[in-house]
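Enquirer: The lines below spell out each chain.
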Amino acid sequence: MDCHYVSELLLDYIEDELSDEVSRKIEAHLGKCESCSKEFARIEKMVNLMKTLPSITPTPGITKEVMARLEEEERFTIGSFLAKFKLIPKKVMIAAATLGVLACVLYVTMAPFVHRPSFQFQTWAATVQAVPFDLEETGWWAWRKKTADKRLSPEDKYIGVIFGGIIDKPEEVNFLVKWIKPDGQFFKETEWKGRISAGLCSFMSDLDISDYEERNVNESVLTASFDGEMIYKKQKGRVNDFPGMWKLEIYVDDKLNTTLQIEV
Amino acid sequence: MSSNNEDWSVVESCLDGNRQDYALLVKKYERPVFNIVYRLTGNFEMANDITQETFIKAYRSLRQVRAEFKFSNWLFKIATNLCRDQFKKKKPEAEVSLNESIALAESVIPYDDSNNSLDPEEKLVLKEEQKQVLGAIESLPFLYRKIIVLRYIQDLAYKEIADILKIPMGRVKVQLHRAHKILRNELTGIL
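Keeping their order, the protein sequence lines are chains A and B. Per this note's numbering, residue 1 is the first one in the first sequence, and the count goes up by one each step. Per this note's numbering, residue 265 is the first one in the second sequence, and the count goes up by one each step.
If you are wondering where the hints come from, they were derived from the structure by calculation, not from laboratory data. Keep in mind the model is a prediction, meaning the values are calculated, not measured. Treat the hints with caution; some may be incorrect.
[Stated by the list, open to error] Calculated lysine to any residue pairs in the SDA-like style (CA-CA distance at most 20 Å, straight line):
hint : chain 1 : residue 1 : chain 2 : residue 2
1    : A       : K45       : A       : G61
2    : A       : K51       : B       : E309
3    : B       : K291      : B       : E276
4    : A       : K38       : A       : E8
5    : B       : K445      : A       : S55
6    : B       : K445      : A       : K64
7    : B       : K321      : B       : Q284
8    : A       : K38       : A       : C3
9    : A       : K64       : B       : E309
10   : A       : K45       : B       : K352
11   : A       : K64       : B       : S277
12   : B       : K391      : A       : I14
13   : B       : K352      : B       : L404
14   : B       : K445      : A       : C3
15   : B       : K437      : A       : S35
16   : A       : K45       : B       : Q418
17   : A       : K38       : B       : L451
18   : B       : K334      : B       : K352
19   : B       : K395      : B       : K430
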């Protein structure tokens, strides 16, 4: 064995990665070659130094903090539902999914033969109301913590719109909300284009969730209510900065349907 | 029952709805995970955050993980991936933090002093040498640093490292050799 070959194998020798035969040859070479012995000592020292590096003591309370975060996540309805969903045995999930697929196939096959009632678009203005809502209650605060988005705080105020009742309209609706600041200046607007389903009751926030305009309104609103990550990215302003009487103009198919006021 | 089997029993219990049992796993592995992350990031605060995130992410994925994988290695895999993501995101800041950690943090961060057999002078020399080794490790490219940290700080076998990094064992060896060469050049003063 020449020195070059031995020096290439020294690390593997120290790591005990060589066959007994090769190891014996290396030992024999080290016994008679001062240069390789020195190289061996250098590598061995470095390995020992790395292996004996002190173990760092982590911040106390990591376990407590992790468990608190998990508990916090499960407190929220949707979070809790999803967490439980994850814990459902696989067999049950597969069975449920199979039933779901069968139901879809049945629906698609039978749809042309089923009488579909003509929907009315009604009571929608009567039930629309502006409401302030609380981050802690909606679960957004937990999402903020998770995403480490520093733009939101629990002190921030939000204005949303709740609408509901018998709201059926099979064709696509263009739904627009304009937020007007107390000084009469435009703050922002959010627009949805989509199909509204029966009995919808949900809210829209002052946060920009217009990414969802291609989707069904019901789905978009419900998703927006709980998908904080997307909401934070789109936030464009803070209601807190403009105290006073806010005005919300609600347009349906480009026509002003309702104007609401709310004190912040 | 082996440690790994015990871990998987706890996982089963968590999947049965006993979330509190997860605390046992966090408690057991918070230190090794933290040490890997700290040695990879060189930033105490960041290491704390990433360690927590590792356990949160692991909990959310408990159902997906395969039982034939060693539970601890699965955690280490999540932790190293999170560190990698952090470096992709904030490379310049991370580099600054690394340098800071060498100069400042090592002197104030709590660690286990296991070399009680050494006299004070020998301890001082060893501490100085370890400081230089840490500096050299932390100046390695992230790719090589991962290998060194998993091999020597966490004392994992080549096969385990290959599993964690999802690369063939041969590549682990090649990268370890390359990392060694860089380190030896950096540390000529003490070797």
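Enquirer: Each of the hints needs a verdict: does it hold here or not?
Expert: Each hint, compared with the structure:
| no. | hint | verdict |
| --- | --- | --- |
| 1 | A:K45 - A:G61 | violated, 36 Å |
| 2 | A:K51 - B:E309 | violated, 24 Å |
| 3 | B:K291 - B:E276 | holds, 17 Å |
| 4 | A:K38 - A:E8 | holds, 14 Å |
| 5 | B:K445 - A:S55 | violated, 24 Å |
| 6 | B:K445 - A:K64 | violated, 42 Å |
| 7 | B:K321 - B:Q284 | holds, 16 Å |
| 8 | A:K38 - A:C3 | holds, 12 Å |
| 9 | A:K64 - B:E309 | holds, 17 Å |
| 10 | A:K45 - B:K352 | violated, 33 Å |
| 11 | A:K64 - B:S277 | holds, 19 Å |
| 12 | B:K391 - A:I14 | violated, 23 Å |
| 13 | B:K352 - B:L404 | holds, 15 Å |
| 14 | B:K445 - A:C3 | holds, 16 Å |
| 15 | B:K437 - A:S35 | violated, 24 Å |
| 16 | A:K45 - B:Q418 | holds, 18 Å |
| 17 | A:K38 - B:L451 | holds, 15 Å |
| 18 | B:K334 - B:K352 | violated, 27 Å |
| 19 | B:K395 - B:K430 | violated, 30 Å |
Checked against the numbered hints given earlier, this structure breaks hints 1, 2, 5, 6, 10, 12, 15, 18, 19; the rest are met.
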